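Peer 1: Below, each chain spelled out in residue letters.
Number of protein chains: 2
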Amino acid sequence: MTELSAAEGARPREHRRRAHNNRAAAGGGFTQSPRRTITRNFPAMQIVSADQLETLHLASLKVLEEIGMDFLLPEARERLKAAGAEVTGERVRMPRQMVEKALSTAPQRFTFHARNPENSIEVGGNQMFFGPVSSAPNCSDLDHGRRSGNHADYRKFLKLVQTFNCMRFLGGYPVEPIDLHPSIRHLEALRDAATLTDKPFHGYSLGRERICDAIEIARIARGIDRETLEREPSLFTIVNTNSPLKLDNPMLQGIIEMSSANQIVCVTPFTLAGAMAPVTMAGAIVQQNAEALAGLVMTQTVRAGAPFIYGGFTSNVDMKSGAPAFGTPEYMKSCIVGGQLARRYNLPYRTSNTCAANAVDAQAAYESVFSLWGLTMGGGNMIMHGAGWMEGGLVASFEKFVLDCDLIQMVMEFLQPLDTGSDALGIDAMREVGPGGHFFGCAHTLARYSDAFYAPMISDWRNYQQWEAAGAPEAKHKANRVWKEALAAYEQPPMDAAISEELDAFVARRKEEGGAPTDF
Amino acid sequence: MTELSAAEGARPREHRRRAHNNRAAAGGGFTQSPRRTITRNFPAMQIVSADQLETLHLASLKVLEEIGMDFLLPEARERLKAAGAEVTGERVRMPRQMVEKALSTAPQRFTFHARNPENSIEVGGNQMFFGPVSSAPNCSDLDHGRRSGNHADYRKFLKLVQTFNCMRFLGGYPVEPIDLHPSIRHLEALRDAATLTDKPFHGYSLGRERICDAIEIARIARGIDRETLEREPSLFTIVNTNSPLKLDNPMLQGIIEMSSANQIVCVTPFTLAGAMAPVTMAGAIVQQNAEALAGLVMTQTVRAGAPFIYGGFTSNVDMKSGAPAFGTPEYMKSCIVGGQLARRYNLPYRTSNTCAANAVDAQAAYESVFSLWGLTMGGGNMIMHGAGWMEGGLVASFEKFVLDCDLIQMVMEFLQPLDTGSDALGIDAMREVGPGGHFFGCAHTLARYSDAFYAPMISDWRNYQQWEAAGAPEAKHKANRVWKEALAAYEQPPMDAAISEELDAFVARRKEEGGAPTDF
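Chains as they are written, first to last, in this note's numbering: chain H, 1 to 520; chain Y, 1 to 520.
Honestly, the hints are just simulated from the structure, not real lab data. Please note: incorrect hints may appear among the correct ones.
As the list claims (entries may be wrong) - Pairs of lysine-lysine, PhoX-like flavour, derived with a Cα cap of 25 Å: (1) Lys81/Y to Lys320/Y; (2) Lys320/Y to Lys484/H; (3) Lys62/Y to Lys320/H; (4) Lys484/Y to Lys511/Y; (5) Lys484/H to Lys159/H; (6) Lys101/Y to Lys246/Y.
Quick caveat, the model's predicted, so the values are computed rather than measured.
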């Protein structure tokens with residue numbers, strides 16, 4: 001599969017049409033946009049001035065210097081103390097020089113390597129990559145309703161991620177396969193991730209054993225030695241701080257193991273304004289920023305130059321109930337200001353596509369598109385939960401998955417540069433058609449119509465009478481058909497027999513050893 | 001009702017909360033955002049470079065010079081010929097100097113006066129105003145389904161426009177009251193508009209008689225004389241060109257009457273790529289631009305300095321069926337490039353919130369939010385069809401109306417500047433709560449929580465169990481309740497008895513005279 005860069009978007013139509021038709025034919029009923037690297041060709045939005053941004057930054061430094069954060073892992077505290085932090089009990093206060101030093105060593109961009117080199121991604125700069133929903137404890141579809149996460153559904157989601165071009169990496173488990181025993185779940189699940197897909201993937205920071213197993217699986221899957229692995233980041237982990245202002249043992253073990261091995265750490269505070277952060281959006285952002293910077297310092301203290309992604313997940317709550325709210329105006333603002341901060345720091349930026357809806361209805365759609373608006377205009381590089389997220393993260397929905405992929409494809413199309421070459425200006429077509437004429441049949445149109453516009457997977461543009469006669473289907477009903485077609489189009493990527501055997505052997509050995517501890 | 005400007009967004013919370021509660025109390029069950037002037041505080045998005053913009057501009061000038069447009073009204077052709085155009089039969093070709101001259105006399109901004117001065121709006125610059133769906137031949141709601149437009153439903157929509165703070169002007173009839181005879185429909189409908197609302201409104205350019213009646217109704221409603229009316233634009237009209245490259249008699253009569261009287265003309269080409277315009281987006285935009293500029297020249301030729309709004313309505317079609325598509329990536333791009341052109345010309349910009357969905361489902365929502373994304377980032381000033389539009393404009397939906405108002409209120413909230421004052425930074429709150437603590441009960445939160453965040457009218461943030469127990473309502477069901485609550489909150493604005501009598505007398509006289517012709 002060849003990758004079309006944004007720059008190639010203007011290449012002659014004949015080539016694009018052939019490529020499109022080839023993909024359509026290969027997929028049977030299922031069609032999708034070709035794979036593209038999404039490049040933001042416009043300046044990211046700024047909703048606070050440079051002065052205001054400095055105010056936020058300085059406030060975060062003050063929080064780290066004066067209030068500090070609790071680091072529960074003794075080894076983490078020792079490392080930070082040796083690097084200049086003031087440690088009192090579990091409380092770590094960082095002088096601003098530690099932050100400035102960390103910002104000077106963290107890389108601006110890096111390659112996240114996949115076992116299929118064509119699927120490696122460049123993290124940072126102006127590029128945008130989407131991954132699926134992560135860590136949902138439940139999943140759902142219209143046929144069988146809402147149910148607990150399980151291995152079979154987990155594998156289906158992996159297949160969807162592999163099939164969709166717009167899904168460029170795997171986050172945590174789209175849905176948690178809770179029928180796999182927690183001690184060995186990560187071994188089975190990551191073997192599946194490495195086997196059913198050939199895209200870059202994620203390991204959970206849930207204790208030293210789990211993250212080390214994940215690193216090893218990533219190494220085996222790529223068929224490389226440890227030295228190469230340390231040169232070529234091949235795994236990422238999301239480290240959520242325990243907002244407010246705390247980092248626990250499993251997460252810190254994750255940072256230490258991953259950064260030591262030069263693998264990618266994305267520190268993402270989970271700062272819901274009014275709950276785990278101040279009720280003001282500026283306050284929640286200051287706290288998010290402080291926690292992310294503290295995480296950055298941790299990674300760079302472990303290994304200067306270790307790849308780091310600045311993560312944000314700041315939203316508001318429903319003040320009547322305390323329930324998390326997503327895809328809100330407040331969420332959008334935090335996406336954008338977070339991006340301004342990440343770019344001030346020259347760090348790659350992670351955000352998310354989110355919603356709080358219980359059904360794949362109008363609310364799910366508007367909350368998600370507002371999220372996409374915020375994260376796109378905010379300059380997000382790695383977009384988590386891009387497809388499938390429902391109920392504030394409690395459910396991975398099959399219908400929502402394909403709906404979100406459609407929305408992502410629309411965003412990708414929106415970001416394609418506008419062709420203003422002389423052919424595209426269409427003056428000769430206007431001459432040919434003339435005032436009062438019609439463009440349907442003119443040469444200019446006939447040469448271009450078949451792939452002139454984005455063809456949605458789900459939108460129904462039939463007139464009312466046709467639509468009603470077809471049973472008045474809603475978007476979620478169409479989505480229900482599309483995910484099944486996409487699953488049917490799944491092709492398992494090839495894997496070297498030797499690698500496959502080594503992977504199986506590793507999993508078998510680790511299982512025999514009892515896997516990982518299940519108490520923290 | 002006091003107007004909160006964006007600059008006041010940072011004023012002390014106590015004042016805002018009191019204002020909010022007052023409105024809530026007045027409305028019974030119905031609550032809404034306070035009225036605000038929406039100001040775009042960030043640079044509008046640019047997706048084509050200055051060079052590319054010039055290319056588009058020059059191409060439009062070429063179209064007008066070499067191909068020209070058909071002007072069906074002889075009087076219009078005579079005026080343009082006298083102003084320097086080359087006229088051959090119905091074909092009018094304009095040398096570029098005519099366009100440049102018109103651009104030099106058209107005002108950059110102007111006041112659109114309402115009969116209630118508090119409701120007058122400033123058109124142009126960085127301000128954004130939304131109006132409701134216009135001209136739908138049908139309407140619908142969940143209870144009574146889809147039906148032809150009628151006077152009773154038309155009046156209900158007027159009441160909703162009056163009730164919602166985010167609705168700042170009336171476009172054409174939200175739904176066409178086709179049970180009113182076409183010869184006198186405009187008289188009844190505009191009397192209703194002037195009486196049931198006190199917001200600025202619109203007259204259709206459907207022949208000289210209708211637009212002159214509309215101008216007169218606007219004058220009477222404001223209780224002013226003709227001289228004042230000509231100084232203070234008090235009516236607007238949308239003039240749709242007959243794309244491609246044609247302007248018909250009723251529309252040209254509309255321009256002549258309105259511009260002569262110094263009333264507002266918004267020329268909006270309806271350029272669906274592949275149908276009434278070239279299939280390339282750049283070509284469709286070049287044609288839209290040419291037609292809008294030709295309309296501008298017409299207005300300024302009639303009266304230099306007459307207020308003009310640059311309108312765009314460029315989208316794509318479903319190439320399989322030819323059906324119009326809305327809220328698409330192509331639509332978004334045209335919103336933004338149209339804005340770049342309007343700002344190049346220093347003209348106020350009109351765009352629209354659109355969708356092509358048949359049900360108030362996920363598709364209706366994502367197409368509308370994508371439209372809002374495009375028109376907001378594109379710098380639209382007057383936003384038509386802001387609330388209620390369904391089925392590509394064929395239906396005005398009551399549920400979609402309130403859903404769209406909720407979305408508009410979210411956009412308004414998103415555009416509110418972020419407060420980064422020292423209180424908002426929340427450092428003392430973080431100190432008080434400390435690592436591992438909780439912000440729900442701290443002083444900083446308690447002082448702010450009740451209006452800290454936007455409270456949606458429709459979004460359901462309950463957890464799954466609560467939501468399911470409540471009957472698993474979808475967004476459209478909640479919307480169904482909200483529009484009824486909003487209607488119940490309607491208060492008819494006062495009108496001087498003398499004005500009311502004069503209005504009735506005018507309508508009675510014109511009806512007796514037979515109203516307006518019904519053949520064109």
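Peer 1: Run the structure past the numbered hints and jot down the numbers of the failing ones, going up.
Peer 2: Numbers 1, 3, 4 - these are the hints that the structure violates, sorted from lowest upward.
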